[in-house]
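K.L.:
If you're matching them up, the sequences are chains V and F in order.
Under the UniProt record's numbering, read the first sequence as residues 1 to 207, first letter to last.
Under the UniProt record's numbering, read the second sequence as residues 1 to 352, first letter to last.
Think of the hints as simulated: they come from the structure by calculation, not from any bench.
Among the hints, erroneous ones may be present.
Chain F stretches covered by chain V per the calculated footprint, using a threshold of three residues with CB under 8 Å from any CB of chain V [as the list claims (entries may be wrong)]:
1. 119-125
2. 132-141
3. 152-159
Every residue gets a Cβ at the ideal spot worked out from N, C-alpha and C, and that includes glycine.
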Amino acid sequence: MIQTLAFYLFAFLVIASGVFTIMARNPVHSVLWLILAFFNAAGLMVMVGAEFIAALLVIVYVGAVAVLFLFVVMMLDIDFAELRAGFVKNFPLGIAIALVLLAELVLGIGAYRAGAIELGVPNGSAAPLMDRSNIESLGAVLYGEYLFLFETAGLILLVAMVGAIVLTHRERPEGARGHQNIGKQIGRRPEDATEMKRPEVGKGVEL
Amino acid sequence: MTAFFQSLGMSYEWAWFVATVAGILLIALPLMLAVAMIIYVDRKVWAAMALRRGPNVVGPFGLMQSFADGLKVFLQETIIPSASNKGLFLIGPIVTFTVALLAWAVIPFGPEAVLADINIGLLYVLAISSLGVYGVVIAGWASNSKYPFFSAMRAAAQMISYEVSIGFILVCVILYAGTSNLNDIIEAQRGHGFGLVNGFFFNLLLFPIWIMFLISSLAETARAPFDLTEAESELVAGYQTEYSSMSFALFWLGEYANVLLMCALNAILFFGGWLPPLNVDLIPWFDIPGWIWLFAKIFLFFFIFSWVKATVPRFRYDQLMRLGWKVFLPLSLLFVVLVSGWLMFTRYGVAA
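The shape of chain F in the complex, shown without the other chains (with noise of 0.2 Å):
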């Protein structure tokens, strides 16, 4: 993009500025408009899995329904609590939202487009997740009231907790791919399976670790079965018990942001991201862009997310944190061993 803003007669340094501005636009816009939809999605399956038929009122089929909710939120009061800790109370919900935006400067919706191709591409997705969790933990500690805080302790240790076995599964994908660029690890899945399939899930060694990162994703999400941060029934409604109007929305807008991402990750570093399924040219296959491809199988994983928020019940704290580190943990650093001395094996040669 910078050298179309070249060709119009910038120079280097203001067309780079003005293609990064536009660039940053035009994966923040849509994915605001992605979220309201998704949280739409979100509903409907819902419901559909409860017999009931979810938002149809607002706008043809209740699509403009997520609309219409921002638009209520948007014209409430914004209470800030008077014992509160006013400034850290604000920068909450922002820094929740700020960081799930983040993240999507490395996603690549095709082979060329994507906002900053570097090279430690995954690393960073791993250090911005990590830098979620502030924005609950200081919403909660500054809301000075018991419900939000015990919400924002469940909420650090959890996300840490899982964070330690995704950084794991992250180095199995990176041993696998040879790389940490998201671009070329998607690029060393074209063909995968036996020329045919796209994707590392074909594989005996990373479909448990796929499995794996999924669970782990809707725990680092908390999204339902990990939702202990917000369980109502335990916690009213966790770190955002007093949060009103569009600091709440933002949290709201933030936490959807964040479940797309995760989709996003399941689909580059299993399922081929931007790559069609298959590798063969049936149809005019290759033909197809490759964000409609990524954003179909984000499309999928959300629908499991879904899915499992309709039908799986609530973990207990303590089991939890017992999946964390007494399951994934050893089990993930199981499969860097088996995954690194597979390859030690297959591509490297070991010494006689």
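Next up, chain V with everything else stripped away, as it sits in the complex (with noise of 0.2 Å):
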């Protein structure tokens, strides 16, 4: 009982906050209520049991990709005239796009009339992991069977990151701008740059 009353919330909700990714005006509200899409999505996979997919759906794409999402769709100079100028402009491609993804709907809803996808039983590998909680039988899939395949998309990961950073970094030589020596920064004491005078009454300081 109280599952299907849990289960028909997230779903709904996914849905609805999926719609209004869409509909809404502001860019900022798109991605609140895709973050909130996520967040049931993440609901949903708790109520099939798979309760570390959730955890990372909730790490990963909530608390890190959503958050820089956010960060540069707020710096957005949203001018809504201009918005909707792009309308007509816009038109046939959006229709384009629109026929394919209805072409799509049948194709997919006319697959799922024709009944289910015949996948084989499980084999040795897979079998025994049923019983075990879902983390280890994630750690034993990634590292067991597809450890080859999970460390080389570990490493294309890695290449890409040290890409993008080669390709943005710039070094900033001595007396730049911006140059900073955190070394030199945290080197220096108060009396390399203060110096304590005691003036006489009445006199000046001669600097």
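With the hints as a guide, bring both chains together as one complex.
P.N.:
What follows is the structure in structure tokens.
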């Protein structure tokens, strides 16, 4: 009973916030609706017993990706009149995309009506994972069976990260604006920067 | 607690429901009280270090000061700026406050005294603490004002940066404990130091990690010296600038609930949570209930938080980013490698 109720709550909220994501006029509202959709999708994951995936969904998508998304969108300078001006110009493209999506929808429903896909029976390596906890079974699969693929994916991501840093990093030469020598800054003592003067009464200080 | 309500003649579902609601109230209400008192403690410690007397007028020793402040704030007018995004403006503090309470669901106060004893406890805490930034960001943006907006930008960047290193630190702890259930992590610390000391801090590999975690938790909760989101010399009051009355109070309560949560995590992950500090039955040492030990440890860490606030000057923003990305991230990554290597070497054995 409570599962059904929770499922429909989460599912309804996912769909509703998905709709609001594309309906919202303000991009920031869009991103916030998207975050709500992520969050409720995590709730659905918990319901099917994949609590680890749910946690990852919240940590990675809600906690990191969406924050960066919001970060960028918040800084947009939005002119609503200009947004509406592009409507006529982009209308044909929009119609084309809508038609493609409609075709996909029809195909998808047709495929669904045709019956379930024959996936075959789970073979030996996947079967015994069922009675273990979520993290353990996922770890066993990622670090056991698919170790090579997993590590390769990690390596590719690392290379992508290094590439992004190399492309955007620029060394600021000594003396240029924005150049910082942290060691020098930390090594600076009060004696280097200040000088104690004890001026006599009625006399100024010679600097 | 479910069993107790079942014994009163309820069906299992109803007993579970009532027990859970009772458990939530049992955690949330004392937490609010603790927040009120801890604000008082914070001000007293801060005052003592500045050679002042701190709050000493309302009630005995000024103990009722926080409640007086709460009442004052409650009676103020709620001002909503006309140019603000009204819905989001009000949602911001609510999100901060709610998220600050959410994470307490998995905090164990004793071997049995935990609301949700879930396997992914630590991941849940990480997930919830990554949500905390939304309240601040929404508030800063919805205020439609320059200083709150800057503050929101800073908060978003700061929290993401320190979450990365906190994630790696938590991985080290999970590796050592072999579980991410908070109760099992505490149990894994029993007699960790020569069978005598309870706590992961008594470990050459984990002690530096604890130092990093303490500093990262200061940054994660935006406490001094990392309180750049509300740096009054630059940003007025940061994201709270446009807020008044209860919406302001909700920020305040949420912030301190988060600080208490981070203190609790320090205690649970590295100092044995509800275990007594030493694993020997000195006086009736083991008879003292676990939650008293946990509270004592939380209090100790909160004192460290206040101490830091009273003595350390504020970081510059680029220094904050440098510390997060160039110092803590490589260091914590190195420690993940070291810890897993050491565990491979000692616990699981290496293939020849």
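K.L.:
Under 8 Å between beta-carbons, do enough residues of the segment 132-141 of chain F, three at least, approach chain V for the coverage claim to hold?
P.N.:
holds (count 5)
K.L.:
How does the segment 119-125 of chain F fare against chain V when you require at least three residues with a CB closer than 8 Å, holds or violated?
P.N.:
Coverage by chain V holds for the segment 119-125 of chain F (4 residues, Cβ < 8 Å).
K.L.:
How does the segment 152-159 of chain F fare against chain V when you require at least three residues with a CB closer than 8 Å, holds or violated?
P.N.:
holds (count 5)
Hint check: no violations occur; every hint is consistent with the structure.
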